[in-house]
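A.B. asks: Just so we're aligned: the sequence shown equals residues 61 to 163 in the numbering used here.
It cannot be assumed that every hint is accurate.
Per label pair, the in silico range of CB-to-CB distance [as the list claims (entries may be wrong)]:
| hint | residue 1 | residue 2 | range |
| --- | --- | --- | --- |
| 1 | T90 | D155 | 32 to 40 Å |
| 2 | Q71 | A102 | 33 to 41 Å |
| 3 | R151 | P66 | 13 to 21 Å |
| 4 | P129 | R160 | 55 to 63 Å |
It is worth saying that the hints were derived from the structure and are not from the lab. Here a beta-carbon is modelled for each residue, glycine too, at the ideal position from N, C-alpha and C.
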Amino acid sequence: MTELDPVIHAQARLRVVVTLATLADGDRITFPRLQELLTMTAGNLSVHLRKLEDAGYVEIDKTHRGRTPTTLVRLSRRGRRAFEEYTENIRALLDPPAPRETR
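Let the hints inform the model, and build the full structure from the sequences given.
C.D. replies: This is the structure:
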């Protein structure tokens, strides 16, 4: 049986990963923009980003634009691979191979 990655499979984290996967490899998004796209509270998004970061699936950079603190988020290479495997596993569950005929 195909295993689904429990870090990605949680609904809120899946939404985060799907959104980040739409960015070009290496592109980043600001925390407020990600929060807006997902319509999540800052606290809720922070908790899920922390779990994804602990798994090595996202990279978070805290920087400044002028005097304004800015948090930038991107899907790591490991996170992109994990998401690709996750989607392959979902497809396998939804479209299993036809059973072999036995004689």
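A.B. asks: Falls inside 33 to 41 Å, the C-beta gap from Q71 to A102?
C.D. replies: violated (18 Å)
A.B. asks: Falls inside 55 to 63 Å, the C-beta gap from P129 to R160?
C.D. replies: Hint holds: Cβ distance 59 Å, inside 55 to 63 Å.
A.B. asks: Given a hint of 13 to 21 Å, does the C-beta separation of R151 and P66 actually sit inside it?
C.D. replies: holds (18 Å)
A.B. asks: Using the C-beta atoms of T90 and D155, is the stated range 32 to 40 Å upheld?
C.D. replies: holds (37 Å)
Hint 2 from the earlier list is the only one contradicted by this structure; the remaining hints agree with it.
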